[in-house]
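Student: So the chains spell out like this:
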Amino acid sequence: MNKLAKDRPQPLTVKEIARLLNCPFEGEGNTEIVGFSSLEKAKKGELVFLSHRKYHHHLEKTKASAAIIPQDDKYDRIPVLKSENPHLTFIKAVELFYEPYLPSPEIHPTAQISPSAKIEKDVAIGAFSYIGEEVEIGAKTIIFPLVAIYPKVKIGQNTVIHSCVSIREGVRIGNDVIIHNGAVIGSDGFGYLRNKDDSQVKIPQTGTVLIEDKVEIGANTAIDRAALDVTIIRKGTKIDNLVQVAHSVEIGENSILTGQVGISGSSKVGKGVIMGGQAGIADHVKIGDKVMIAAQTGIMKDIPANSIVAGTPHMDIKDFMRIRASLTRIPELIKTVKKLKVRIEELEKKIKRE
Amino acid sequence: MNKLAKDRPQPLTVKEIARLLNCPFEGEGNTEIVGFSSLEKAKKGELVFLSHRKYHHHLEKTKASAAIIPQDDKYDRIPVLKSENPHLTFIKAVELFYEPYLPSPEIHPTAQISPSAKIEKDVAIGAFSYIGEEVEIGAKTIIFPLVAIYPKVKIGQNTVIHSCVSIREGVRIGNDVIIHNGAVIGSDGFGYLRNKDDSQVKIPQTGTVLIEDKVEIGANTAIDRAALDVTIIRKGTKIDNLVQVAHSVEIGENSILTGQVGISGSSKVGKGVIMGGQAGIADHVKIGDKVMIAAQTGIMKDIPANSIVAGTPHMDIKDFMRIRASLTRIPELIKTVKKLKVRIEELEKKIKRE
Amino acid sequence: MNKLAKDRPQPLTVKEIARLLNCPFEGEGNTEIVGFSSLEKAKKGELVFLSHRKYHHHLEKTKASAAIIPQDDKYDRIPVLKSENPHLTFIKAVELFYEPYLPSPEIHPTAQISPSAKIEKDVAIGAFSYIGEEVEIGAKTIIFPLVAIYPKVKIGQNTVIHSCVSIREGVRIGNDVIIHNGAVIGSDGFGYLRNKDDSQVKIPQTGTVLIEDKVEIGANTAIDRAALDVTIIRKGTKIDNLVQVAHSVEIGENSILTGQVGISGSSKVGKGVIMGGQAGIADHVKIGDKVMIAAQTGIMKDIPANSIVAGTPHMDIKDFMRIRASLTRIPELIKTVKKLKVRIEELEKKIKRE
Numbered sequence: 005m006n007k008l009a010k011d012r013p014q015p016l017t018v019k020e021i022a023r024l025l026n027c028p029f030e031g032e033g034n035t036e037i038v039g040f041s042s043l044e045k046a047k048k049g050e051l052v053f054l055s056h057r058k059y060h061h062h063l064e065k066t067k068a069s070a071a072i073i074p075q076d077d078k079y080d081r082i083p084v085l086k087s088e089n090p091h092l093t094f095i096k097a098v099e100l101f102y103e104p105y106l107p108s109p110e111i112h113p114t115a116q117i118s119p120s121a122k123i124e125k126d127v128a129i130g131a132f133s134y135i136g137e138e139v140e141i142g143a144k145t146i147i148f149p150l151v152a153i154y155p156k157v158k159i160g161q162n163t164v165i166h167s168c169v170s171i172r173e174g175v176r177i178g179n180d181v182i183i184h185n186g187a188v189i190g191s192d193g194f195g196y197l198r199n200k201d202d203s204q205v206k207i208p209q210t211g212t213v214l215i216e217d218k219v220e221i222g223a224n225t226a227i228d229r230a231a232l233d234v235t236i237i238r239k240g241t242k243i244d245n246l247v248q249v250a251h252s253v254e255i256g257e258n259s260i261l262t263g264q265v266g267i268s269g270s271s272k273v274g275k276g277v278i279m280g281g282q283a284g285i286a287d288h289v290k291i292g293d294k295v296m297i298a299a300q301t302g303i304m305k306d307i308p309a310n311s312i313v314a315g316t317p318h319m320d321i322k323d324f325m326r327i328r329a330s331l332t333r334i335p336e337l338i339k340t341v342k343k344l345k346v347r348i349e350e351l352e353k354k355i356k357r358e
Numbered sequence: 005m006n007k008l009a010k011d012r013p014q015p016l017t018v019k020e021i022a023r024l025l026n027c028p029f030e031g032e033g034n035t036e037i038v039g040f041s042s043l044e045k046a047k048k049g050e051l052v053f054l055s056h057r058k059y060h061h062h063l064e065k066t067k068a069s070a071a072i073i074p075q076d077d078k079y080d081r082i083p084v085l086k087s088e089n090p091h092l093t094f095i096k097a098v099e100l101f102y103e104p105y106l107p108s109p110e111i112h113p114t115a116q117i118s119p120s121a122k123i124e125k126d127v128a129i130g131a132f133s134y135i136g137e138e139v140e141i142g143a144k145t146i147i148f149p150l151v152a153i154y155p156k157v158k159i160g161q162n163t164v165i166h167s168c169v170s171i172r173e174g175v176r177i178g179n180d181v182i183i184h185n186g187a188v189i190g191s192d193g194f195g196y197l198r199n200k201d202d203s204q205v206k207i208p209q210t211g212t213v214l215i216e217d218k219v220e221i222g223a224n225t226a227i228d229r230a231a232l233d234v235t236i237i238r239k240g241t242k243i244d245n246l247v248q249v250a251h252s253v254e255i256g257e258n259s260i261l262t263g264q265v266g267i268s269g270s271s272k273v274g275k276g277v278i279m280g281g282q283a284g285i286a287d288h289v290k291i292g293d294k295v296m297i298a299a300q301t302g303i304m305k306d307i308p309a310n311s312i313v314a315g316t317p318h319m320d321i322k323d324f325m326r327i328r329a330s331l332t333r334i335p336e337l338i339k340t341v342k343k344l345k346v347r348i349e350e351l352e353k354k355i356k357r358e
Numbered sequence: 005m006n007k008l009a010k011d012r013p014q015p016l017t018v019k020e021i022a023r024l025l026n027c028p029f030e031g032e033g034n035t036e037i038v039g040f041s042s043l044e045k046a047k048k049g050e051l052v053f054l055s056h057r058k059y060h061h062h063l064e065k066t067k068a069s070a071a072i073i074p075q076d077d078k079y080d081r082i083p084v085l086k087s088e089n090p091h092l093t094f095i096k097a098v099e100l101f102y103e104p105y106l107p108s109p110e111i112h113p114t115a116q117i118s119p120s121a122k123i124e125k126d127v128a129i130g131a132f133s134y135i136g137e138e139v140e141i142g143a144k145t146i147i148f149p150l151v152a153i154y155p156k157v158k159i160g161q162n163t164v165i166h167s168c169v170s171i172r173e174g175v176r177i178g179n180d181v182i183i184h185n186g187a188v189i190g191s192d193g194f195g196y197l198r199n200k201d202d203s204q205v206k207i208p209q210t211g212t213v214l215i216e217d218k219v220e221i222g223a224n225t226a227i228d229r230a231a232l233d234v235t236i237i238r239k240g241t242k243i244d245n246l247v248q249v250a251h252s253v254e255i256g257e258n259s260i261l262t263g264q265v266g267i268s269g270s271s272k273v274g275k276g277v278i279m280g281g282q283a284g285i286a287d288h289v290k291i292g293d294k295v296m297i298a299a300q301t302g303i304m305k306d307i308p309a310n311s312i313v314a315g316t317p318h319m320d321i322k323d324f325m326r327i328r329a330s331l332t333r334i335p336e337l338i339k340t341v342k343k344l345k346v347r348i349e350e351l352e353k354k355i356k357r358e
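Chains as they are written, first to last, in the numbering used here: chain A, 5 to 358; chain B, 5 to 358; chain C, 5 to 358.
So here's chain A without its partners, still in its complex pose (with noise of 0.2 Å):
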């Protein structure tokens, strides 16, 4: 088993960590780190980071040992070290410390092994994983205990599969890959054709899914399979726990899905593209590169690339938000509205009688 979190046997000094890390410091070279901590929950030991010179403040109450800075800050009363990007170097520097938890690469003896699949070097296959026919396992790839992979599944290198997961007949997956527990990928599409009696015929949903590499999908997602292609979600794509994707999607790179966002059938989003928390997205809609969604809109025509938006159904966010301060204002302006009809009544009486 490795090591799960904060148990480094030994300490390392600032001076070693900023060789390590590539960075100058100040200070107390020799001063001990044994882990890192957040600014607030720092105890003596441990190593933090400032993400801007405004929380410069922040940096007197701590109880850490040493601070990552930026490169135009100053501080003397614990060692610092500078950066360009305090929070990148302090990723950087928690990976001295803390590794994440992994099973060693074997394959459990109560795992379910098609004779026909594929598995290669380096691979470990948690207790009671069912790995179907014909399916392909690229090295050092971490499938963990319960999971079930249906036949002709692909995954490539250094991807982990969470406990719980479902991997649905023919689905391709990339390398360094992280599905976490309970998602579905390729259940059916959500398609019927209606009956004039209102029963329904299912539309056979015969395509895949094509998981890109560097992706991550989140906790009980679910990513549907397509009725005659195949859904995409393309390389380097964040999704968040929770969330609903639809039938031949395609989410274009480096975009970010946070949590219960839901996007349905068909709808084409782009690269860079970042949607809040509980958004939604109609069929057959096309999302612009980098447009930011806020959460809980709900999407039903395309944005075009750059937008930012908000409401349901969705505005530019500034117009969302003029109008949502302007809401307020009804009640008083339909009062307004009555008194200054009044006015005009009495107005138009008094011309009359002159």
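Check each hint, because a few of them may be wrong.
Intra- or inter-copy, both count: the list cannot distinguish identical chains.
Unchecked claim - Computed list of lysine to aspartate or glutamate pairs in EDC-like fashion (alpha-carbon distance at most 20 Å, straight line):
| no. | residue 1 | residue 2 |
| --- | --- | --- |
| 1 | Lys339 | Glu349 |
| 2 | Lys45 | Glu124 |
| 3 | Lys47 | Asp233 |
| 4 | Lys294 | Asp202 |
| 5 | Lys342 | Glu352 |
Keep in mind the hints are simulated off the structure, nothing from the lab.
On the provided structure of chain A, position chains B and C as indicated by the hints.
Tutor: Using the frame of chain A, we list chains B and C on its own:
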């Protein structure tokens, strides 16, 4: 293992397909068809369909070797099959070339089946599936690997239950039902009595769930058991992924619940109702037959049959669209009213002066 | 196997029930009761309850053989038990006839339990459950089949974990907790640093999750581990199905999170808070104690204690209802203002002319 997709060993001619589907054709009947596709993605040898005459121009660009077109349309560049309902005919054509993956009707040696369970003929039970005491499973039903079926569950014939599904104690499931991966049927309803100190007493959830024939349930959907009687999903209703159905809910026949819909406790949904994605219904609400509910709608009151609604709280869709259009004009309206007020004041001054 | 439901071998008389529940009764004390039901669906031999005097008329139609009624009510057609809190007394009566299904405290021979795990007395571990290294499980805790418990997890006593649940490395779970099927506790938080080319660097999620005593977690709910410290669900809080709790969130004691609620990273929710279905909270937000949040509310800012809110973005529920009512009047308001403008113009012309 059944054929997975589109891997029919030998092609069919247009003439043969026309005969098998019992529909007229025009053009070269000996043209060979090896598969099917969409109009845009079709390759040589593939069959496509045109849903309506208005899309006729798409036929020009397709590389397909034959098309199913509406009865009242004409085309002669490639052979065509004619149908009153081209999509329905296409579905039947797809079934000539494609069969969804299903395991053979065998019981895997690792499956744990209680000796008191009754398993009928030609049932498949996958690796590591657990079948509790006094469970009954009808003929030709398929249980994929890693399924948990608690005691006293009754499942009909020809039903398919995918991996990582949990079916809780005493739940009843009909014939020809499909339950996708990770779905949970019969978890405890969410009911508590609140004490004065805010602590809660759990209300025992003593009821069960009834899933009638021909229902389909999406991946990671959750359907709770009733507190006292039974949560019911009626015949032919289709439920998408990540849908929440609370305790004592009843959904009528042939309704459609799209992804991430949520229905609160004791609400009753009629027949032929269509709910768009992420729509929600509060508790103890009645939705009439054939109601259509837009995506993200929030419903807190009863809705009469045949209504079309949107918004939170819901309103008639026409009102919703009208109000939605008017919203963008509020900021200007506020300005206009302000200006009119000034003009009225001026008028009043003038009148007074005179 | 325990009794599943309502299958008590011998009936109790009204007199005996009154004695067991320590409450007064009126009418024929020897009436035999064999089960319980709701007022509408009750059959002969069943016990029902009336929550409030105002529903008194429902007693006339019930076929029940006895009823628990409010202290200040009267009825003589059937025997009645009187209680200050009829629903709470009914729950206690239900427990005389019904016991939820739980497996016997045995460890199934197929369960895979690490030799370094510590399992206390009277623990049940179901078929195909996987218990990782150094896991600790307290006495009388029940692990259903097909559960994945990663290394170093600590679980208290009398806790119930249903099938297809995943509990990730290092998570701590208290006593008397119930976790329903398919829930995921401790999946990675959703955190990335974005590079200039839009590719993302994963922020290591080194923290854990703490679930305190008497918490209940719904089916297919996901609770993420913290990036640096700990995601906390405090004592007595109840979480419904398909809820998303992001990294570093803290939920206070005795709160209620209804189905499909989503809470973004680092937000803090107070004690005794009630969130309606599909409501969402943005990141880094603080919700005071006893706040009530309507279904589908979207929260982006802190909320003081005891508030009641609705809308996206949220506002006080009274404002929300007032604005919601005014919305339908906007289209007419626009017309009215247009007409008033014309009348003002006419007045202005007349004044000028004179």
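Student: Does each hint hold? Answer for all of them.
Tutor: Verification of the hints:
1. Taking the shortest alpha-carbon separations for Lys339 and Glu349, both the intra-copy value of 16 Å and the inter-copy value of 17 Å come in at or below 20 Å.
2. In this assembly of identical chains, Lys45 and Glu124 lie within 20 Å of each other by CA distance neither inside one copy nor across copies; the values are 43 Å within and 33 Å between.
3. In this homomeric assembly, Lys47 and Asp233 come within 20 Å of each other (Cα to Cα) only across copies, at 12 Å, whereas the closest approach inside a single copy is 54 Å.
4. In this homomeric assembly, Lys294 and Asp202 come within 20 Å of each other (Cα to Cα) only across copies, at 9 Å, whereas the closest approach inside a single copy is 41 Å.
5. In this assembly of identical chains, the alpha carbons of Lys342 and Glu352 lie at most 20 Å apart whether taken from the same copy (15 Å) or from different copies (17 Å).
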